[in-house]
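Let chain V serve as the given structure and place chain R on it in line with the hints.
Each chain, written out:
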Amino acid sequence: MAERPEDLNLPNAVITRIIKEALPDGVNVSKEARRAISQAASVFVLYATSCANNFAMKAKRKTLNAGDVLAAMEEMEFERFLEPLREALEVYKKGQKGKKEVSEQKRKDKEKKADSENDKSREDEEEEEEERMEEEPEAENEAEEEEVEN
Amino acid sequence: MNMSQNNPDKDDQTSSSKKNISLPISRVRLIMKSSPDVSSINQDALFLTTKATELFVQHLAMSSFNNGAGKETNSLSYSDLAHTAEETETFHFLTDILPKKILARDYLKSLEQMQEEDADF
Chain V
1 MAERPEDLNL PNAVITRIIK EALPDGVNVS KEARRAISQA ASVFVLYATS CANNFAMKAK
61 RKTLNAGDVL AAMEEMEFER FLEPLREALE VYKKGQKGKK EVSEQKRKDK EKKADSENDK
121 SREDEEEEEE ERMEEEPEAE NEAEEEEVEN
Chain R
1 MNMSQNNPDK DDQTSSSKKN ISLPISRVRL IMKSSPDVSS INQDALFLTT KATELFVQHL
61 AMSSFNNGAG KETNSLSYSD LAHTAEETET FHFLTDILPK KILARDYLKS LEQMQEEDAD
121 F
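Residue numbers (UniProt numbering), protein chains in the order written: chain V, 1 to 150; chain R, 1 to 121.
For the record, the hints were derived by calculation from the structure and aren't laboratory data. Warning: the hint list may mix true and false statements.
[What the hints assert, rightly or not] Below, in silico cross-link-like pairs of lysine-lysine (PhoX-like), each with a Cα-Cα straight-line distance of 25 Å or less:
#: 1; chain 1: R; residue 1: Lys100; chain 2: V; residue 2: Lys20
#: 2; chain 1: V; residue 1: Lys20; chain 2: R; residue 2: Lys33
#: 3; chain 1: R; residue 1: Lys100; chain 2: R; residue 2: Lys71
#: 4; chain 1: R; residue 1: Lys101; chain 2: R; residue 2: Lys71
#: 5; chain 1: R; residue 1: Lys101; chain 2: V; residue 2: Lys58
#: 6; chain 1: V; residue 1: Lys31; chain 2: R; residue 2: Lys109
#: 7; chain 1: V; residue 1: Lys20; chain 2: V; residue 2: Lys31
#: 8; chain 1: V; residue 1: Lys62; chain 2: R; residue 2: Lys33
#: 9; chain 1: V; residue 1: Lys62; chain 2: V; residue 2: Lys93
#: 10; chain 1: R; residue 1: Lys33; chain 2: V; residue 2: Lys93
#: 11; chain 1: V; residue 1: Lys31; chain 2: R; residue 2: Lys100
#: 12; chain 1: V; residue 1: Lys31; chain 2: R; residue 2: Lys33
[Claimed, not checked] Residues from chain V shown here face chain R by an in silico Cβ test under 8 Å; the list is partial:
#: 13; residue: Asp7
#: 14; residue: Leu10
#: 15; residue: Ile18
#: 16; residue: Ile19
#: 17; residue: Ala40
#: 18; residue: Val43
#: 19; residue: Val45
#: 20; residue: Cys51
#: 21; residue: Ala52
#: 22; residue: Asn53
#: 23; residue: Lys60
#: 24; residue: Leu64
#: 25; residue: Asn65
#: 26; residue: Leu70
#: 27; residue: Val91
#: 28; residue: Tyr92
[Unchecked claim] Distance windows between CB atoms, simulated:
#: 29; chain 1: R; residue 1: Ser110; chain 2: V; residue 2: Glu90; range: 49 to 55 Å
#: 30; chain 1: R; residue 1: Pro24; chain 2: V; residue 2: Glu90; range: 45 to 51 Å
#: 31; chain 1: V; residue 1: Gln96; chain 2: R; residue 2: Ala69; range: 40 to 46 Å
We put the CB at the ideal spot given by N, CA and C, even for glycine.
Bound-form chain V, shown alone (with noise of 0.2 Å):
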C-alpha cells in the first residue's frame, strides 16, 4: 500500500532522463516542467488504470492482462502505443524465459554484487539530481553574462 502521498509519483531522476532522451540535444526542461511531465505519467497510470480495470470487469475477470491494457491505449486514443508495447511484450516475454535458465547462474553472482550495487544506483540518482539543479542557474549566469557584455 501506499503510505505517504510521495510513493505514488515517479521517480524524477527517472522521468528526467527519459525526457532527455525523448527531446534533441540540449533543450533545457523547467524544473516546473519536469515536475509537471512527472505527475502526469502518474494520472496517466492512473487513467490507463481505471479504463483497462473497466474491460477485466466487463469479461467478469479480476485480473487485469495485457489485453486490457492495450484495450485501454485503443480507448484512451493512444493507438500510437500499440506497436511498440506489442513489440516489448515480446522482447518481454523472451526475456523472462532466457532468465530462468541462467538466473540460477547469474543469481548466485548477483547476491553477491547486490548490496554494493544498490547503495551505488542510490547515490548516482542523487547525484543526477544536483547536477540538474545546477543547470539552470548556469543558463541564469549566461545570460547575465551577455548583459555585462552588451
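Same frame as chain V, but now just chain R:
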C-alpha cells in the same frame, strides 16, 4: 531487423530487458493498486503499463516541445505543457493537473467583474 531479438546471447538478453524499461515496475504497481477497484494485475499487464507510461512521457515531452513557444530558445517550459493539455485531444485528461497559469492581476479583474454582475441582481 528482428535478428538480434531472435538470436540473442545470454548477456544481450539481460541487458536488453534492462534497457527495455527504465521506470521501476514496483512503483507503477503501487500507483495502479492505489485505484480502489483494482484487485490484481498480472505481470504482463504491469510491464505494458510501465512501458506505456514511458512512451507517454516521451510523447508528451515531444508534442509540447514541437508545438511550444520554446522551440526557438531550445527550452521546454510549464506553459508549453499546459498549452498541449488544452489543445490536444488525447491530452485533455491532463487539464486538471496542468492548469493554464494566469496573472493575479487578470484573476482579480475577473473576480471584480463577477462581483459586479452579482451586484446587478
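Hints versus structure:
1. Lys100(R) with Lys20(V): OK: lysine 100(R) and lysine 20(V) at ~24 Å, within 25 Å.
2. Lys20(V) with Lys33(R): It is violated: about 29 Å lies between the C-alpha atoms, which goes past 25 Å.
3. Lys100(R) with Lys71(R): 19 Å, holds
4. Lys101(R) with Lys71(R): At roughly 20 Å apart (the allowed maximum being 25 Å), lysine 71(R) and lysine 101(R) satisfy the hint.
5. Lys101(R) with Lys58(V): With a Cα-Cα distance of about 40 Å, the restraint between lysine 101(R) and lysine 58(V) is violated, given a limit of 25 Å.
6. Lys31(V) with Lys109(R): Violated, at roughly 30 Å.
7. Lys20(V) with Lys31(V): Within the cut-off at roughly 13 Å; holds.
8. Lys62(V) with Lys33(R): 13 Å, holds
9. Lys62(V) with Lys93(V): Between lysine 62(V) and lysine 93(V) the Cα gap is close to 22 Å, so the pair holds against 25 Å.
10. Lys33(R) with Lys93(V): 23 Å, holds
11. Lys31(V) with Lys100(R): Roughly 17 Å between the alpha carbons, so the hint for lysine 31(V) and lysine 100(R) holds.
12. Lys31(V) with Lys33(R): Since the Cα atoms of lysine 31(V) and lysine 33(R) sit roughly 28 Å apart, the hinted pair is violated (cutoff 25 Å).
13. Asp7: 6 Å, holds
14. Leu10: 6 Å, holds
15. Ile18: 5 Å, holds
16. Ile19: Constraint on isoleucine 19(V) satisfied, holds at 5 Å.
17. Ala40: At 5 Å from the nearest chain R Cβ, alanine 40(V) passes the 8 Å test, so the hint holds.
18. Val43: 6 Å, holds
19. Val45: Hint on valine 45(V): holds, closest Cβ of chain R at ~5 Å, below 8 Å.
20. Cys51: Given a least distance of 10 Å, the restraint on cysteine 51(V) is violated.
21. Ala52: Because about 7 Å separates alanine 52(V) from the closest Cβ in chain R, which is inside the 8 Å limit, the hint holds.
22. Asn53: 5 Å, holds
23. Lys60: 12 Å, violated
24. Leu64: 4 Å, holds
25. Asn65: Asparagine 65(V) check passes; min Cβ-Cβ to chain R is 5 Å, inside 8 Å.
26. Leu70: 7 Å, holds
27. Val91: This interface hint holds because 6 Å falls under the 8 Å limit.
28. Tyr92: 5 Å, holds
29. Ser110(R) with Glu90(V): 49 to 55 Å: 53 Å Cβ-Cβ, so the 49 to 55 Å window holds.
30. Pro24(R) with Glu90(V): 45 to 51 Å: Once the Cβ atoms are compared, 22 Å apart, the range 45 to 51 Å for glutamate 90(V) and proline 24(R) is violated.
31. Gln96(V) with Ala69(R): 40 to 46 Å: 44 Å, holds
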